[in-house]
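Novice: The residues making up each chain are set out below.
Protein chains: 10
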Amino acid sequence: MSLINTQVQPFKAQAFHNGKFVEVSDASMKGKWSVVIFMPAAFTFNCPTEIEDAAEHYAEFQKAGAEVYIVTTDTHFSHKVWHETSPAVGKAKFPLVGDPTHQLTRAFGVHIEEAGLALRGTFVIDPEGVIKTMEVHDNAIARDVTETVRKLKAAQYVASHPNEVCPAKWKEGEATLAPSIDLVGKI
Amino acid sequence: MSLINTQVQPFKAQAFHNGKFVEVSDASMKGKWSVVIFMPAAFTFNCPTEIEDAAEHYAEFQKAGAEVYIVTTDTHFSHKVWHETSPAVGKAKFPLVGDPTHQLTRAFGVHIEEAGLALRGTFVIDPEGVIKTMEVHDNAIARDVTETVRKLKAAQYVASHPNEVCPAKWKEGEATLAPSIDLVGKI
Amino acid sequence: MSLINTQVQPFKAQAFHNGKFVEVSDASMKGKWSVVIFMPAAFTFNCPTEIEDAAEHYAEFQKAGAEVYIVTTDTHFSHKVWHETSPAVGKAKFPLVGDPTHQLTRAFGVHIEEAGLALRGTFVIDPEGVIKTMEVHDNAIARDVTETVRKLKAAQYVASHPNEVCPAKWKEGEATLAPSIDLVGKI
Amino acid sequence: MSLINTQVQPFKAQAFHNGKFVEVSDASMKGKWSVVIFMPAAFTFNCPTEIEDAAEHYAEFQKAGAEVYIVTTDTHFSHKVWHETSPAVGKAKFPLVGDPTHQLTRAFGVHIEEAGLALRGTFVIDPEGVIKTMEVHDNAIARDVTETVRKLKAAQYVASHPNEVCPAKWKEGEATLAPSIDLVGKI
Amino acid sequence: MSLINTQVQPFKAQAFHNGKFVEVSDASMKGKWSVVIFMPAAFTFNCPTEIEDAAEHYAEFQKAGAEVYIVTTDTHFSHKVWHETSPAVGKAKFPLVGDPTHQLTRAFGVHIEEAGLALRGTFVIDPEGVIKTMEVHDNAIARDVTETVRKLKAAQYVASHPNEVCPAKWKEGEATLAPSIDLVGKI
Amino acid sequence: MSLINTQVQPFKAQAFHNGKFVEVSDASMKGKWSVVIFMPAAFTFNCPTEIEDAAEHYAEFQKAGAEVYIVTTDTHFSHKVWHETSPAVGKAKFPLVGDPTHQLTRAFGVHIEEAGLALRGTFVIDPEGVIKTMEVHDNAIARDVTETVRKLKAAQYVASHPNEVCPAKWKEGEATLAPSIDLVGKI
Amino acid sequence: MSLINTQVQPFKAQAFHNGKFVEVSDASMKGKWSVVIFMPAAFTFNCPTEIEDAAEHYAEFQKAGAEVYIVTTDTHFSHKVWHETSPAVGKAKFPLVGDPTHQLTRAFGVHIEEAGLALRGTFVIDPEGVIKTMEVHDNAIARDVTETVRKLKAAQYVASHPNEVCPAKWKEGEATLAPSIDLVGKI
Amino acid sequence: MSLINTQVQPFKAQAFHNGKFVEVSDASMKGKWSVVIFMPAAFTFNCPTEIEDAAEHYAEFQKAGAEVYIVTTDTHFSHKVWHETSPAVGKAKFPLVGDPTHQLTRAFGVHIEEAGLALRGTFVIDPEGVIKTMEVHDNAIARDVTETVRKLKAAQYVASHPNEVCPAKWKEGEATLAPSIDLVGKI
Amino acid sequence: MSLINTQVQPFKAQAFHNGKFVEVSDASMKGKWSVVIFMPAAFTFNCPTEIEDAAEHYAEFQKAGAEVYIVTTDTHFSHKVWHETSPAVGKAKFPLVGDPTHQLTRAFGVHIEEAGLALRGTFVIDPEGVIKTMEVHDNAIARDVTETVRKLKAAQYVASHPNEVCPAKWKEGEATLAPSIDLVGKI
Amino acid sequence: MSLINTQVQPFKAQAFHNGKFVEVSDASMKGKWSVVIFMPAAFTFNCPTEIEDAAEHYAEFQKAGAEVYIVTTDTHFSHKVWHETSPAVGKAKFPLVGDPTHQLTRAFGVHIEEAGLALRGTFVIDPEGVIKTMEVHDNAIARDVTETVRKLKAAQYVASHPNEVCPAKWKEGEATLAPSIDLVGKI
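So the protein sequences, as listed, match chains A, B, C, D, E, F, G, H, I and J.
When you number the first sequence by our numbering, it's gap-free, plus one each residue, and the end is 187.
When you number the second sequence by our numbering, it's gap-free, plus one each residue, and the end is 1187.
When you number the third sequence by our numbering, it's gap-free, plus one each residue, and the end is 2187.
When you number the fourth sequence by our numbering, it's gap-free, plus one each residue, and the end is 3187.
When you number the fifth sequence by our numbering, it's gap-free, plus one each residue, and the end is 4187.
When you number the sixth sequence by our numbering, it's gap-free, plus one each residue, and the end is 5187.
When you number the seventh sequence by our numbering, it's gap-free, plus one each residue, and the end is 6187.
When you number the eighth sequence by our numbering, it's gap-free, plus one each residue, and the end is 7187.
When you number the ninth sequence by our numbering, it's gap-free, plus one each residue, and the end is 8187.
When you number the tenth sequence by our numbering, it's gap-free, plus one each residue, and the end is 9187.
Be aware that a few hints might be false.
[To be verified] Only pairs whose alpha carbons sit at most 20 Å apart, straight line, appear in this in silico DMTMM-like list of lysine to aspartate or glutamate:
no.	chain 1	residue 1	chain 2	residue 2
1	J	K9169	J	E9067
2	I	K8186	H	D7026
3	E	K4169	F	E5113
[Unchecked claim] Computed beta-carbon distance windows for the label pairs:
no.	chain 1	residue 1	chain 2	residue 2	range
4	C	A2027	D	E3084	28 to 38 Å
5	C	A2027	A	P162	21 to 31 Å
6	E	E4114	F	E5128	33 to 43 Å
7	D	K3032	F	E5174	23 to 33 Å
8	F	A5027	E	E4114	39 to 49 Å
9	E	M4001	B	K1012	50 to 60 Å
10	F	T5006	D	F3021	25 to 35 Å
11	B	K1012	D	F3021	42 to 52 Å
12	G	M6001	B	Q1009	47 to 57 Å
13	A	G19	B	Q1009	40 to 50 Å
14	B	Q1009	D	K3030	19 to 29 Å
15	I	S8180	J	K9020	32 to 42 Å
These are calculated hints, taken from the structure and not from any lab test.
Where a beta carbon is used, it is the ideal one built from N, C-alpha and C, also for glycine.
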């Protein structure tokens, strides 16, 4: 029912990345962490501010071994022009993925049928292609990348410490919990 | 496809709230903002820390005119005992809703079939019963209520300012954007 | 149509038993007699008195080579807390099985759809996993474990004496009947 | 799923009762308590002992305002002969209902398809025709009417005291429980 | 459409025969002629007179190498008692077959759904299990075994004289007809 | 399942009767008793002997207020010629019904698909059009009209004496049985 | 859609031919030309005149290597009597085929459902069993065998001269046409 | 099954008739006799000879009050050119109907699917639009209009003399038969 | 099957037109001629040259009372940017319609499923919304607007002169043909 | 959805070509370029002018290695006559294909169901049988072969220069475009 803990569906798409057109697919997501960020449409209002926000945290994502993917239902041609004409978007060093076939927006459950556009959705995906967190907003409400970074770090921590869980508002370096029968009913 | 901008489905459930058993339904959510927070199970590990986190922000939620609902697939009987025995949960002054019929976990798409429990999901719902934001995690990764407050405030702002949108990482009091054709391609 | 003389369906569940969480399944029921006792919900009214009644006859059940399983739709986490907080339930030395997936309540036909809880049902099962007696009550009416012991003994007697049947209100040690054509129409 | 708390299905059947053939139906069960006792077949082994057991408690049933119905898949013709030829069955002053159409055995879920006979099933039914308790055995294991009387009394008690429940092994005259939130988690 | 010249369907049933309970099946009908006689119910009105009629002709049937089977939807238990208590039925030296599963009454098309009983049907079956004659009456109208004997003899005659046919009201020893083209249009 | 006690299905057919072609239908059967006798084919072997047998008892049928109908799948044209050319058939004063559409052979369940002809079937039908007795033979075995007369008389007797039944081999004038509970198990 | 140039469907039927009953089938039609003539019913009005007409041309059919088959839905028994009693039909030296199963009338599309009889249909069939001409009339309108002979001859001519076609009203011996592109648009 | 005695199906088509394009429909066929003659294709081999044959008998058809319709799957445009370029077709004073939609060839069952052309079919239709005779040939075999005239006359005769039938090879002015029961089996 | 002479399906879309965002629908096409021109994607190779070609003929289209619609599966946001950044596209004074929902590309049969883009298709539509001409190319082959103008003029001419048709390569002002039977077969 | 870039469906048809009847099929189209031109009907108004237009450009088509096919739903017989009688059509040296089965008009989506005729459709097909351009008109609007030649040339150019595209109104010899990322957003 939920996408959490399911595999990313197979897909193929064209992206604009560092001055080139490249193919992105479910296969290219394997082996490292991914953060997939859907936006409604190129050239619009909130989207550049969100891309800029992501760009400013890109070093952190890279340090955490994660790639960032921006996705809209526009073409990669539009993404090139967007990158060239928007100062905010021009800061993006990660792939801007075109999804004119609506393959990705449907697979992640963020497609708006009556508009042909995406909702603002963010997904953290592990190196096996399994979705660990999701977050979707009405398009008038933008996200905060700081929180995405926190989720990515928590997801990475519990992936490498399978007997621990991250408590509320956990941030990197804070104490975690190790579930045991003794704790049941005691917290 | 997405739950965003859809109506909460009709439901009826028993909750433990301020020392009483009360009925909670879709009808009781109408007329004010709601924050629905699913947790896996009473008496377990992260859940009390998350309830405590919510309790510590409850004044803020109340000031914003929003009610908080904690939901698990346990009964309201268990919720009473949990409230009495857990110092963290005992701080909760909002309803602890029992969902042993799985009506709510299925309606919000957070049911785990093989466990009979909920995923960690948070939903901000407007006074018309329309879902505006959703956030779902693998159960080992807890949430941060600060971010939920930020989303609630943004949702409330755009609801009362229909011609504006909140940019990335917007916080109450910051500038918003007023979409217009002149901005297209210019940000 | 009836569950009598059918196999217990395959299942897997978590139970609280003697201070530990253990997995219980149809496989773990094979090789000895089982008495499965469904209760509506942890922390409620009649249930502790019934568990206490079972606990007081547990020595008898054990002498007869039978295990007792208490089942509710609560989690094993709730069962641990119930065992710790209820003096009556605390006497139980047999597994308290959690059925939050409703697998067992559905398989034994005691699920109440509109409540997500179990009816008061008791089942005597032989070492091959075949159900020999069943008894189900409206939840306001509790059972009497003495009668369950009598049924278990009768079921065991006829299992080991295939050419005999136990007459009305038979108790261990009393005379049985050996069906033969000569008795037809003569009793 | 369960027959508990469902209405008896409409039926019509011929019975032998006090030297006459009479029609029995769901309608004739309304307005008083009923105890329906299925037996495998006339002229067989355990059945006369069980009818005798019922006959010996008939005064108690009558005092409690309940009628007893014995049902087999035989005809009412066979029941007359059985009554005349069996000393045990001859004691029955209640209707011996013939069910050669298998209408009743199927409606109460006690039909054995491969034999065309009934399982040993006992049902306590309230004056509205609602089934309150059921008990079904493999045919080699007979019942104890004492326990049926106890269940009838408990069912009658909670019917007339809607805010009380009968605890384990409750017998007429003993204390009952009045469920309240204060008892939750305290017994 | 008709049962004439079709195979008896596979069946298994319990019968009372010469003081014993025996299994009767389609297999036990193979290798000799069979006369299957359905009756509505044991202990009733016409049935004993018809069984007596059959019993008085049993020597003839045996001489013709045919077995007689009486079938009702009662159990073999009832048949034993009937045999013991009815002077008329007590003369029967052939199997009294119980059909409480309604397998035989349905297979021979004589089942009365609303009563669960058989119509008065008589079937002559050859040693290959093929039905050669059938006769079915409303239950108020009894049969005459003399006519059944006549049919059996005619069926046996044409079985052993494949080029002849028995004319109207043929009785054993009378002339038959040998069909040939010369007779067409000449009789 | 059985045709006994069902209504004759609506039909229309042409018959040769007393030198004329007349229409026969289910309507023309209402108001008096009918004896419907199917034969395989005009101009063949047994059929004339059976028609002659019927003709010789026709006075008896008429006295009993019954009409006789001979039916084959031939046309009424063939029946005229048969009547003219066969001395035996020429004795028939009752309708010879043509059924080339196979309407009647199918309605009475006596149609032989692979031959397009009828089985030898005899049916006694009451004045309401309800079938009371049926008899069907393999075509090599002819019937005896004496027995048909006996059945007709018995059917008429019980129709006018609804509280009596005709015992085995009953013939007009003999004693009948009046079913009463006192007789049950006593004959 | 049309039967022209389709294979005769497989069939088996009994015919009266030269004083014998013989089996006729699709196989017996292979290897020579066939003329199949359907008639409504034996013993009727036009049919004998049509059979006589066919009989008078039989020498011509035989010379052309063709067999004639008369078919009605009567039996072969009726056909024998018809042949014996009708002076016109008695002239027939070709098979009179009985079709009481309606196999042939349905296969050639000449069956009248509401009468169970054939329409007047004539079919010329080649030695491979392929239908080359068909002709069907309302039953009040008889055929002219002269025209059937003309069609047979034309069919045989074009079969043996595959590059020629017979023009309007062609009779044996007259000129034919050899289709060639030069004739297109020129005749 | 057969088209004989069925109504012509509704249709609309364009025809070339006496130098004009006219619409022809089932409605235009009502009120007078029609002779519908299908031909494979304009400009081909036999077709002009058949049209010429029809043209030479057109006075006879008109005297009998019948219209002649030539039909092919060509367009009415092709029919105009055919009429102008073929001396034989140019003699036609009756409508040449175009059926490029295949409506008529399918309705009369003469369509050749693999060629898109018609078989040589002739139909005589009465003033109520009911088909009385049909005749269909393999396309290499042409028809003889003399026979069509004979059929039309016979159809008209029996239409106006409902108690008579035309015997074999009947021609206008010859004796007919009046069916009566006295003739059955006598011709 | 073809879209020619069918109605444009209902649709609603956003377009960039003369510096504004406007809604375009099937309704806005009614009352004047429309030329709908699909292009694969904004910012690509041939598309600007084709838009420029259309822009250069826009005066002619306007003089003919026709509106031009450019359609791609991009958003109207992209179209604004395209118009601002491309000198060729900047010449367009007609609506640039966004079709991100793929409603129009599917309705006009030009959608490429595997790319989410349009084929190069041009449609001339009359003031009733009926499609009169269509033209679709593989995307590597561009169109020539001169030919589109010629088609529009021809469509307009025959719309206002219903008895005339435009011959091959007709251009405005040239002679047309008035179809009449006299011309059939004469051109 | 579109026919563009799909394979021509398998077909077989007869054509008139250079005084002969020849078979044309999908196989005969392989290995060279084809131009398929559908016309409504032989002998009509615009069609000859369009064939003449094609004939006048035939040398160009041949030089480009392309064959031209004219298709109507008429027969090849009509096409021969058309060629002989129309001065315009008589100029055609390419095959005139008959499609009376409607196989081709349906496969290319140009069939008019209610008329049985083709729409004016032109298709350019490459040597692999793949459709590269299509153009369909209402029948009152004729085409211009000059534009078809232009499309054929463009299709051939891009087939042999896979990295180039032909811009708007490209004519043989003019400059083409080589798509590259550098051009995106720059034209």
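Novice: None of the hints should be skipped; say for each whether it holds.
Specialist: Results of checking the hints against the structure:
1. J:K9169 <-> J:E9067: Since the Cα atoms of J:K9169 and J:E9067 sit roughly 23 Å apart, the hinted pair is violated (cutoff 20 Å).
2. I:K8186 <-> H:D7026: 31 Å, violated
3. E:K4169 <-> F:E5113: The hint is violated at about 27 Å.
4. C:A2027 <-> D:E3084: 28 to 38 Å: 52 Å, violated
5. C:A2027 <-> A:P162: 21 to 31 Å: 27 Å, holds
6. E:E4114 <-> F:E5128: 33 to 43 Å: The hint (33 to 43 Å, Cβ to Cβ) is violated, given that E:E4114 and F:E5128 are roughly 19 Å apart.
7. D:K3032 <-> F:E5174: 23 to 33 Å: Violated, since D:K3032 and F:E5174 (Cβ atoms, about 49 Å apart) do not stay within the stated range.
8. F:A5027 <-> E:E4114: 39 to 49 Å: For E:E4114 against F:A5027, whose Cβ atoms are near 28 Å apart, the range 39 to 49 Å is violated.
9. E:M4001 <-> B:K1012: 50 to 60 Å: Roughly 58 Å apart at Cβ, these two residues keep to the hinted range, so it holds.
10. F:T5006 <-> D:F3021: 25 to 35 Å: 27 Å, holds
11. B:K1012 <-> D:F3021: 42 to 52 Å: 50 Å, holds
12. G:M6001 <-> B:Q1009: 47 to 57 Å: 56 Å, holds
13. A:G19 <-> B:Q1009: 40 to 50 Å: 48 Å, holds
14. B:Q1009 <-> D:K3030: 19 to 29 Å: 39 Å, violated
15. I:S8180 <-> J:K9020: 32 to 42 Å: 33 Å, holds
In summary, the numbered hints that this structure violates are 1, 2, 3, 4, 6, 7, 8, 14.
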